[in-house]
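> Keeping their order, the protein sequence lines are chains A, B, C and D.
Here the numbering used here is used: position 66 in the first sequence is 66, and no number is missing along the way.
Here the numbering used here is used: position 54 in the second sequence is 54, and no number is missing along the way.
Here the numbering used here is used: position 129 in the third sequence is 129, and no number is missing along the way.
Here the numbering used here is used: position 10 in the fourth sequence is 10, and no number is missing along the way.
A portion of the hints provided could be inaccurate.
Stated by the list, open to error - One side of the interface only, derived from the structure: several residues of chain B facing chain D at Cβ under 8 angstroms:
1. T18
2. A47
3. E57
4. P64
What the hints assert, rightly or not - Across the chosen pairs, the derived CB separations fall in these ranges:
5. D:D73 / A:R79: 30 to 36 angstroms
6. B:E16 / C:D73: 47 to 53 angstroms
7. B:R34 / A:A108: 22 to 28 angstroms
8. B:A77 / C:V27: 44 to 50 angstroms
9. C:T63 / A:R79: 29 to 35 angstroms
10. C:V119 / A:R116: 17 to 23 angstroms
11. B:P120 / A:E111: 42 to 48 angstroms
Calculated from the structure, these hints are not laboratory results.
All C-beta atoms in this analysis are idealised placements derived from N, C-alpha and C, irrespective of residue type, glycine included.
Protein chains: 4
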Amino acid sequence: MNERETGPGERGVPTELTLEGLRQRLVDFAAARRWEPYHTPKNLAAALSVEAGELLEIFQWLTPEQAAAVMSDPERAHRVRDEVADVLAYLVQFCTAVGVDPLEALAAKIERNEHRFPVPGGAADVNPDAG
Amino acid sequence: MNERETGPGERGVPTELTLEGLRQRLVDFAAARRWEPYHTPKNLAAALSVEAGELLEIFQWLTPEQAAAVMSDPERAHRVRDEVADVLAYLVQFCTAVGVDPLEALAAKIERNEHRFPVPGGAADVNPDAG
Amino acid sequence: MNERETGPGERGVPTELTLEGLRQRLVDFAAARRWEPYHTPKNLAAALSVEAGELLEIFQWLTPEQAAAVMSDPERAHRVRDEVADVLAYLVQFCTAVGVDPLEALAAKIERNEHRFPVPGGAADVNPDAG
Amino acid sequence: MNERETGPGERGVPTELTLEGLRQRLVDFAAARRWEPYHTPKNLAAALSVEAGELLEIFQWLTPEQAAAVMSDPERAHRVRDEVADVLAYLVQFCTAVGVDPLEALAAKIERNEHRFPVPGGAADVNPDAG
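With the rest of the complex left out, here is chain A:
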């Protein structure tokens, strides 16, 4: 991506690629189209779940081996990037609607998980569900 394409295309000023920068673009995007009334916390949580399902759909019939090679198929690779973007967009918009900073939330969760799942001697036996 060269500088002309780096950002929203306004005045040729490149945007640094940060979550906050993209969040602001999503806010502007929705405002320009008057979509805010639809962007309630409940609707956005539903939309996030729907898009996560669409990402999973790509993998549902794949063997572990096929799934590991998913990005070597250009059509599947495009779908993966597209669904990743949708999930992230709705997550960011949900966070905006409820006033949560997703990076702070994740940092706090990692802290909690570091206490909840101490590094074991025999880590291989540990339940991997860090949720």
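We have chain A; now place chains B, C and D onto it with these hints.
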């Protein structure tokens, strides 16, 4: 990860809060616990979908009004932050597993949507599904 | 599958519409197309979740009022029936793969819930989550 | 609900186990607890998706081999039956709320799929997604 980047709470050195910084902490976290074998693209896509469902669960019986006030209930507010963190964690780990930059994917999607959904004169009638 | 069980619309012999009758048609359908290798418990649980997301997608931007009237829109009504069918199909196929009778499972759950949620004097305050 | 339909375990009168019989018990269960106001189509579609996610959660970190043996672990087997029941309960309640007969919907979908996916000579290559 060098010591300066090890994260908040350790040695009192604050880490700048970026998605890339958190991504690296998640990579280290999983590696220290030997969880990488579980972190296949298919498993992570499933886990992401499961966590998005857990976020939605908070809202499933709430009226739009109750949902809008979700953060004024401390227990619900904690659950919201916790599930946001889980969704973001699995999204970032999924992206690591398939080699996708989520910020680039989202920037590209916003570009596409700006063409797909031009700002209309009467935007209020437009279907809000930007997916 | 003998002729009497062949299904509605074929030779004019009606089939009694039961979950077990439909289950058998789904088994035969998959076998005729050699899809059984794909129909592992894990894949079918993923597919079920994906289809439940597609059903939810119909409702994600609707107000409660619009959602209540969903069947008065012929196109949406068709989508609703189609996604209901997909959810039920994958649920039944999942149950076949793991050897669970879904009707027995539901009957047992209702029994448990009747003890877990006794009919209260002031039922309106009770948490509605019977899951 | 008359005594003959009261359900297994009550007064020793067995109920024939049918989807319609269970549907009626779910209707009575919700009515006795005054939960109908929560049981809107949108809420029930969300709840169905959430429960499908909980079923998937059981499998998310399992290898295909572990997943195939899921019912040999009594605790996992109980969770599977429990989540199957929740998915079916919310599907049936959703169908009641929108006035759809799930068995008719599935029968019609199988008819459509029989035309959409004719039995091929070399069926093994066919995309298994009958959704």
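> With reference to the structure, classify each hint as holding or not holding.
Right, here's what the structure says about each hint:
Evaluation of the T18 of chain B hint against chain D yields a violated restraint, the C-beta minimum of about 28 angstroms exceeding 8 angstroms. The beta carbon of A47 of chain B is positioned within 8 angstroms of a beta carbon in chain D (closest approach about 5 angstroms), and the interface hint is therefore held. The restraint placing E57 of chain B at the interface with chain D holds, with a minimum CB-CB distance near 5 angstroms, inside the 8 angstroms limit. With a cut of 8 angstroms, the hint placing P64 of chain B at the interface with chain D is violated, because the nearest CB-to-CB distance is about 10 angstroms.
Checked against the given bound of 30 to 36 angstroms, the beta carbons of D73 of chain D and R79 of chain A, roughly 34 angstroms apart, stay inside it. Taking 47 to 53 angstroms as the suggested C-beta distance range, the pair E16 of chain B and D73 of chain C conforms, at roughly 50 angstroms. One distance hint, 22 to 28 angstroms for the beta-carbon pair R34 of chain B and A108 of chain A, holds here, with the actual separation near 24 angstroms. Against the hinted window of 44 to 50 angstroms, the Cβ-Cβ separation of A77 of chain B and V27 of chain C comes to about 47 angstroms, which satisfies the hint.
Distance hint for T63 of chain C and R79 of chain A: a CB-CB separation of about 31 angstroms, consistent with the stated range 29 to 35 angstroms. Between V119 of chain C and R116 of chain A, the C-beta spacing of about 39 angstroms breaks the proposed range 17 to 23 angstroms. A C-beta distance of roughly 45 angstroms is found between P120 of chain B and E111 of chain A, which places it inside the suggested range of 42 to 48 angstroms.
In summary, the structure is inconsistent with hints 1, 4 and 10 from the numbered list given earlier, while agreeing with the others.
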